[in-house]
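Chemist: Residues per chain are reported as follows:
Number of protein chains: 2
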Amino acid sequence: MSRNVEIVKNKHVLLKNYIDGSPKVSDFIISTETTIKLEVPEGSNGVLLKNLYLSCDAYLCFLMRGPQSSSLSGSFRGFTPGAPIGGSGVSEVVDSKNPNFKKGDFVWGETLWEEYTFVSQPRSHFKIDVHKDIPLSYYTGILGKSGLSAYGGFYEICNPKEGEKVFVSAASGAVGQLVGQFAKLAGCYVVGSAGSDKKVDLLKNELGFDDAFNYKEEQDLDATLKRYFPNGIDIDFENVGGKTLDAVLPNMKMHGRISVCGMISQYNIQKQDPLHNIKWVLFKRLKMEGWSVIDYFPIYPKFLEFILPYVLERKIKYVEDIVEGLENGPAAFSGIYTGLNFGKQVVKVFHD
Amino acid sequence: MSRNVEIVKNKHVLLKNYIDGSPKVSDFIISTETTIKLEVPEGSNGVLLKNLYLSCDAYLCFLMRGPQSSSLSGSFRGFTPGAPIGGSGVSEVVDSKNPNFKKGDFVWGETLWEEYTFVSQPRSHFKIDVHKDIPLSYYTGILGKSGLSAYGGFYEICNPKEGEKVFVSAASGAVGQLVGQFAKLAGCYVVGSAGSDKKVDLLKNELGFDDAFNYKEEQDLDATLKRYFPNGIDIDFENVGGKTLDAVLPNMKMHGRISVCGMISQYNIQKQDPLHNIKWVLFKRLKMEGWSVIDYFPIYPKFLEFILPYVLERKIKYVEDIVEGLENGPAAFSGIYTGLNFGKQVVKVFHD
Chain A
0 MSRNVEIVKN KHVLLKNYID GSPKVSDFII STETTIKLEV PEGSNGVLLK
50 NLYLSCDAYL CFLMRGPQSS SLSGSFRGFT PGAPIGGSGV SEVVDSKNPN
100 FKKGDFVWGE TLWEEYTFVS QPRSHFKIDV HKDIPLSYYT GILGKSGLSA
150 YGGFYEICNP KEGEKVFVSA ASGAVGQLVG QFAKLAGCYV VGSAGSDKKV
200 DLLKNELGFD DAFNYKEEQD LDATLKRYFP NGIDIDFENV GGKTLDAVLP
250 NMKMHGRISV CGMISQYNIQ KQDPLHNIKW VLFKRLKMEG WSVIDYFPIY
300 PKFLEFILPY VLERKIKYVE DIVEGLENGP AAFSGIYTGL NFGKQVVKVF
350 HD
Chain B
0 MSRNVEIVKN KHVLLKNYID GSPKVSDFII STETTIKLEV PEGSNGVLLK
50 NLYLSCDAYL CFLMRGPQSS SLSGSFRGFT PGAPIGGSGV SEVVDSKNPN
100 FKKGDFVWGE TLWEEYTFVS QPRSHFKIDV HKDIPLSYYT GILGKSGLSA
150 YGGFYEICNP KEGEKVFVSA ASGAVGQLVG QFAKLAGCYV VGSAGSDKKV
200 DLLKNELGFD DAFNYKEEQD LDATLKRYFP NGIDIDFENV GGKTLDAVLP
250 NMKMHGRISV CGMISQYNIQ KQDPLHNIKW VLFKRLKMEG WSVIDYFPIY
300 PKFLEFILPY VLERKIKYVE DIVEGLENGP AAFSGIYTGL NFGKQVVKVF
350 HD
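From first to last, the protein sequence lines are chains A and B.
Residues in the first sequence are numbered from 0 upward in steps of one, following numbering that gives the first Met the number 0.
Residues in the second sequence are numbered from 0 upward in steps of one, following numbering that gives the first Met the number 0.
Because the hints were derived from the structure by calculation, they are not lab data.
Errors might be hidden in some of the hints.
Same chains, same label: a pair holds when it works inside one copy or across any pair of copies.
No more than 27 Å apart at the CA atoms, straight line, and that leaves these computed lysine-lysine pairs for DSSO-like [to be verified]:
#1 49 - 131
#2 270 - 252
#3 286 - 242
#4 160 - 286
Isolated chain A (complex conformation) (with noise of 0.2 Å):
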């Protein structure tokens, strides 16, 4: 029995060189060069996937620096030179030899930069219920690795009570927005800090954030964060590190939480920002944890039956910044290091 199956082209985004410093649009190659046959290889038990949205993350950079200097080396592979960059995405099922996903499901994990992608062992791949009310790029996000990442470091983390007051920076970024939501769920009294008046805006008259407040135009930020919380605060949700993270130190209250999601102002700087202000955590009698996202895929299936009823009734809000088209990845992924990106930063793969 034998049947047609179409060749098609298949557009990549690959490493050119080892990147120094913060990712630019000139350490990408968009290549079209190559042909890919829509189906499995005879043999194998893997999928073919036709990539529909790519997450932009943080700790993608430290992938891009050569085997040497991969700091997350031991969780995660890095890219070579040449070779197309990866990342969490969703995708939708073209052909599979494998018992667990069919032709025509859809599916979020591990994919590459790239249209189409076989994935010989789909093992860190989540079939996705499709639902009318809930769009598919939510995946990359609230209902993918950010989604869990706010759900488990703010939750499991920083046990959260009625009244604390949690500080969020970053809070307009992919997990900061939730984490935000997640607190006043919780009753919690939030503020958050972005870089730019519109993402305030954003935070203070969108999502529900108690206060907010523009980093970039605070001179002393110990006596910004003095100034929202003046008795101090219970949980530091860190997505920044650097002089952030050493103004909250003396601004926590006594048994703070400070949970460790990120410090995107210390990935691409060759010198880290020095810290002056640890002694807190032992005044202050504080836990600061640092986590990863994969901690926490065996809570997966719990944190979807959390959010999803919220996500159906519209009390939890998602802003994406979708960009559409493969070719575009480069610039939107750098973006995010410096800000430009309003929400979660996505990548459409095809255009309409």
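Chain B: place on chain A using the hints.
Modeler: Chain B only, in chain A's frame:
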């Protein structure tokens, strides 16, 4: 009904002035000018204590800095120039109008650095179950706050598992020497650092540490830790802070735990040592937690039940450095900041 009540001279250690930098002998005054009536006043439900042993604890320096500079405000009350300093001690009840204590009882808890102390509200005092094989001085250390610190800070914070690698700084000190022994009981591999060859010898040959080093002889602490922990550290019991903590961070293993018991290297300097390696909290998904022994008072009975059999069977050893005479207290206390003590520093109030 009346009785003759003894009136005695009462020697004190007074704070002479708020301190600046490390405590020095000249920051204290030995006073023998006052007398005390060895009787609890009518209408009080306090106790009159004869102090036997006083504990030299590193945190006391914070209470000598004046009302503005006490970093521990909220936990402890600062000392006042001209008044006695205080801390944890072992005392005999000389008179009591409190239903929980009677004349002749031995207690440990907060007292003042003087021969006799009237405590109007003996709320933070534990009655000692006197045992012929247990020195009373142990209740300033292994059976008091130091032991409870080691127990809570190691078991509650670090959740040690068999085979894990443990690093203890200031390892021959009041708390460190116990953490090392607890680590061995838990089946861990434990390396300690200390400030003299004699202390290193104690750790390796008396207290059962797997290895130990003299940090004063090491040029590059990062390289030192890599030598002793080629595959990384699971648990860091932090007593020193500053450069020690900064060297520990990049040497931690994934999901490592850092229990912050103290940062003695940072207590008496104007400018804190900057920390350059905090990013490893994120990349290695570390938990770093500060705490106070106060947090563990509720589990003191459980701790005592755990530790007493080991003490009686000599399966856990405890090294004390006991100086005799209240008048020698200031020198003994000041010495702990430069590591002059060999083991737990105790002041025996009265001469034999």
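Chemist: Hint by hint, note whether the structure agrees.
Modeler: Comparing the hints with the structure gives:
no.: 1; hint: 49 - 131; verdict: within (20 Å within a copy, 78 Å between copies)
no.: 2; hint: 270 - 252; verdict: between (29 Å within a copy, 22 Å between copies)
no.: 3; hint: 286 - 242; verdict: both (19 Å within a copy, 20 Å between copies)
no.: 4; hint: 160 - 286; verdict: both (15 Å within a copy, 20 Å between copies)
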